[in-house]
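Heads up: the sequence lines are chains A and B, in that order.
Sequential numbering from 1 applies to the first sequence in the working numbering.
Sequential numbering from 1 applies to the second sequence in the working numbering.
Please keep in mind that the hints were generated in silico from the structure rather than gathered at the bench.
Keep in mind that a hint or two might mislead.
[Said to hold, decoys possible] Each pair of labels, with its calculated beta carbon distance range: (1) B:R308 with A:R301: 37 to 43 Å; (2) A:G162 with B:R136: 54 to 60 Å; (3) A:S77 with B:W247: 53 to 59 Å; (4) A:R301 with B:G373: 38 to 44 Å; (5) A:P376 with B:V7: 53 to 59 Å.
[As the list claims (entries may be wrong)] Chain A regions said to be covered by chain B (calculated; three or more residues, Cβ under 8 Å): (6) 276-284; (7) 307-318.
[What the hints assert, rightly or not] According to the in silico footprint, chain B covers these stretches of chain A (three or more CB under 8 Å from chain B): (8) 119-126; (9) 259-267; (10) 373-385.
None of the values given here were measured: they were computed from a predicted structure.
Every residue gets a Cβ at the ideal spot worked out from N, C-alpha and C, and that includes glycine.
There are 2 protein chains.
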Amino acid sequence: MLMSASVPPRRVVVLGSTGSIGRQTLAVIAAFAPHWQVVGLAAGRNISLLAEQAERFRPEVIWFEGAESTPWAGPGSVEPPEEMVTRPEVDTVVVATSGRAGLVPTLRALEAGKIVALATKEVLVIAGSLVVRAARAGGGEVRPVDSEHNALWQCLDGEADGVLDPTWDQPLVPGRFSPGRVSRLILTASGGPFRDWPLDRLGQVLPEHALRHPTWRMGRKVTVDSATLMNKGLEVIEARWLFGAPWDRIDVLLHPESLVHALVEFTDGSIKAQLGPTDMRLPIQYALSYPLRLPNRDLPRLDLAAARSLTFCRPDPDRYPCFELAVQAGRLGRTYPVVLAAADEAAVDLFCEGRVRFTDIPGLIRQALEAHGPLPNPSLEDILQLYDETQARVKEAVECRRC
Amino acid sequence: MLMSASVPPRRVVVLGSTGSIGRQTLAVIAAFAPHWQVVGLAAGRNISLLAEQAERFRPEVIWFEGAESTPWAGPGSVEPPEEMVTRPEVDTVVVATSGRAGLVPTLRALEAGKIVALATKEVLVIAGSLVVRAARAGGGEVRPVDSEHNALWQCLDGEADGVLDPTWDQPLVPGRFSPGRVSRLILTASGGPFRDWPLDRLGQVLPEHALRHPTWRMGRKVTVDSATLMNKGLEVIEARWLFGAPWDRIDVLLHPESLVHALVEFTDGSIKAQLGPTDMRLPIQYALSYPLRLPNRDLPRLDLAAARSLTFCRPDPDRYPCFELAVQAGRLGRTYPVVLAAADEAAVDLFCEGRVRFTDIPGLIRQALEAHGPLPNPSLEDILQLYDETQARVKEAVECRRC
Chain A
1 MLMSASVPPR RVVVLGSTGS IGRQTLAVIA AFAPHWQVVG LAAGRNISLL AEQAERFRPE
61 VIWFEGAEST PWAGPGSVEP PEEMVTRPEV DTVVVATSGR AGLVPTLRAL EAGKIVALAT
121 KEVLVIAGSL VVRAARAGGG EVRPVDSEHN ALWQCLDGEA DGVLDPTWDQ PLVPGRFSPG
181 RVSRLILTAS GGPFRDWPLD RLGQVLPEHA LRHPTWRMGR KVTVDSATLM NKGLEVIEAR
241 WLFGAPWDRI DVLLHPESLV HALVEFTDGS IKAQLGPTDM RLPIQYALSY PLRLPNRDLP
301 RLDLAAARSL TFCRPDPDRY PCFELAVQAG RLGRTYPVVL AAADEAAVDL FCEGRVRFTD
361 IPGLIRQALE AHGPLPNPSL EDILQLYDET QARVKEAVEC RRC
Chain B
1 MLMSASVPPR RVVVLGSTGS IGRQTLAVIA AFAPHWQVVG LAAGRNISLL AEQAERFRPE
61 VIWFEGAEST PWAGPGSVEP PEEMVTRPEV DTVVVATSGR AGLVPTLRAL EAGKIVALAT
121 KEVLVIAGSL VVRAARAGGG EVRPVDSEHN ALWQCLDGEA DGVLDPTWDQ PLVPGRFSPG
181 RVSRLILTAS GGPFRDWPLD RLGQVLPEHA LRHPTWRMGR KVTVDSATLM NKGLEVIEAR
241 WLFGAPWDRI DVLLHPESLV HALVEFTDGS IKAQLGPTDM RLPIQYALSY PLRLPNRDLP
301 RLDLAAARSL TFCRPDPDRY PCFELAVQAG RLGRTYPVVL AAADEAAVDL FCEGRVRFTD
361 IPGLIRQALE AHGPLPNPSL EDILQLYDET QARVKEAVEC RRC
């Protein structure tokens, strides 16, 4: 007889509840009801799905784009995300919005001492230093939901002996590990659907090709970012903030099967890897259940004997120029990552709308980075303004080219 | 600048110093001299190598087969293993003898509260309950050196939340993990050199074929045991004692590349794996440095991008009857594992001497197990006597068959 872990209570706000991660978060919460409850839901424009979710999960508060002026007949009262996350009954906020929308609620939640289960890469990429400051000020903690960072977190947790390394910053993730033990963090990447396409055919890639990810089912933006490997560049920047790792200790390997989510190499040459089925509910659940692990029959198991073989290789820089741009912007720091993320979001939009080619994406981002005069200590307002301006500028540039 | 871990002092006895693991242990100790020192060395019949080792490492005490009656001119005085391991200045004993020779010194060391870095599978297989009792009585601890168990230990360490599982026994390994988090321990096996031979050709296997292991360089006995998969069966029994795991939670996968040494599946479906180059110095060093990890430039690094692909499959029971015999003997418990280990040692000797065929090995072991009337609570003397009697009986049976 197994004496399973008793499920700890969680009272959760889900930002981006109608997106891919948001829906999977609600599936995980449902598996542990009534111990896990939804306090708040915030969505974008998919109001019908939000209404369904509200019927099922009975949140106290909800939000959607235009909620100020649109009547809401469903359960829960209307409250903006940055307010709902600070409610005293909330302990955990899942941030799974796309783009910059998650930033302000993340900062407010951390300042209020909440646990932030973070799925939105852009938050740390564009405002890592503000997130660190908010977490320190309010005692909040950041738990990575991204499968790669969640995997690094799992591999590092418990690897503690008090050995320091002053080239590392203090990590944002909870748990105990000693930077002095770690020699490399290795993120894996599927390489996207065009890993094996001839380079000279990449100009012909259509949005419907890019949206067909080989291993993960995800939202539109992140799927295109996987195809350009921008996704992995953003994750390198994210890893730097989450774990405090110096740039030269973060590495990327292509791993087309997406079963090994990340690896950590330690100073003695030993490597730990985290593996699992390509199902985001596993890292979401770990982020919510930590420091416990909870059995969940809804989740698939990975049968390695049934898996194809696991392969690894280095990414080809000629195939993935966006990856290098991201790492360069990360290393330059200051507001370069803001421009990177904003230009990428605009470029992906333009590509999905059929207005630029797949191979135009890196050029648009490079242009924006080259034109940028960085700010040394940007405020939240600086960042948000720069983000919006950069997006507008990238879109304008394409408009002008066409006229 | 990396503030590396300061090397803790270790004063070590190496039993089986002239064997494969013993030599590699001395190489690791040399890398951390003068912090790590050799107090005692014990060998079998390779006295010339022992003399070289003694010249280099200047032990206080030495031992070899026949030392009672043979003069010793080298450094160090002569002292039997079971005495040298209890010396007050000793903190760690590496047990890397073959067969049953390591048993008594292991028990004495544990009773004296020492750390035992255990490489000899037979010790736990034949006398697991005595080892547990000795460790409890004297406060000693067992640290696995075998790459697979060392890997399990690394994957489990730190996975603690206090959740119990009464089907597990208390583990022998140090460190913190909660059985209630663990759903499966998975040992990997190369499958040996005959993994892909036609089954009907296995009768033609010669000792020189069996001694050509595809991935690891090891001693003769363990190399043949890898070819029959007996090795992995013994390791399942060992894992049961080291980690306290119930039988049905220990699994084996063939993994021809031998880069993933073991995996742990947790209750939430997440899997952690430990990987490293096929070099026993890594697990030896971890067993000696634990709870620290120490950088060591002598050790190779694993470059996954350069590695062939990693593959996994279930072992074919028709190809590896010894594996099933071992697991059956383990599950039967009592003195069955003693008979298993002794009969296997005798059968491997006979095979290496060219007196039986490779495919005769499982039959000889099965015969010995079937003839056995088990003892419920064997003493040390019972076990040693049974071991020697079983070996003699297996060899006699073959002699009789020939006359």
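Verification of the supplied hints:
The beta-carbon spacing between B:R308 and A:R301, approximately 26 Å, falls outside the hinted interval of 37 to 43 Å. At roughly 29 Å, the beta carbons of A:G162 and B:R136 sit outside the given window of 54 to 60 Å. At about 55 Å, the beta-carbon gap between A:S77 and B:W247 stays in the expected band of 53 to 59 Å. A:R301 and B:G373 have their C-beta atoms about 42 Å apart, which keeps the hinted 38 to 44 Å range intact.
Here the CB-CB span from A:P376 to B:V7 is close to 42 Å, at odds with the stated 53 to 59 Å. Check on the stretch 276-284 of chain A: 3 of its residues sit with their Cβ under 8 Å from a Cβ of chain B, so the three-residue criterion for coverage holds. For a cut-off of 8 Å, the count of residues in the stretch 307-318 of chain A with a CB near a CB of chain B stands at 7, and the three-residue condition holds. With 0 residues having a beta carbon nearer than 8 Å to a beta carbon of chain B, the stretch 119-126 of chain A misses the requirement of three or more and the stated coverage is violated.
Only when three residues or more bring their CB closer than 8 Å to a CB of chain B does the claim for the stretch 259-267 of chain A stand; here the count is 5, and the claim holds. Counting residues of the stretch 373-385 of chain A whose CB falls under 8 Å from any CB of chain B gives 0; the rule of at least 3 is not met.
Hint compliance for this structure: hints 1, 2, 5, 8, 10 are broken, all remaining hints hold.
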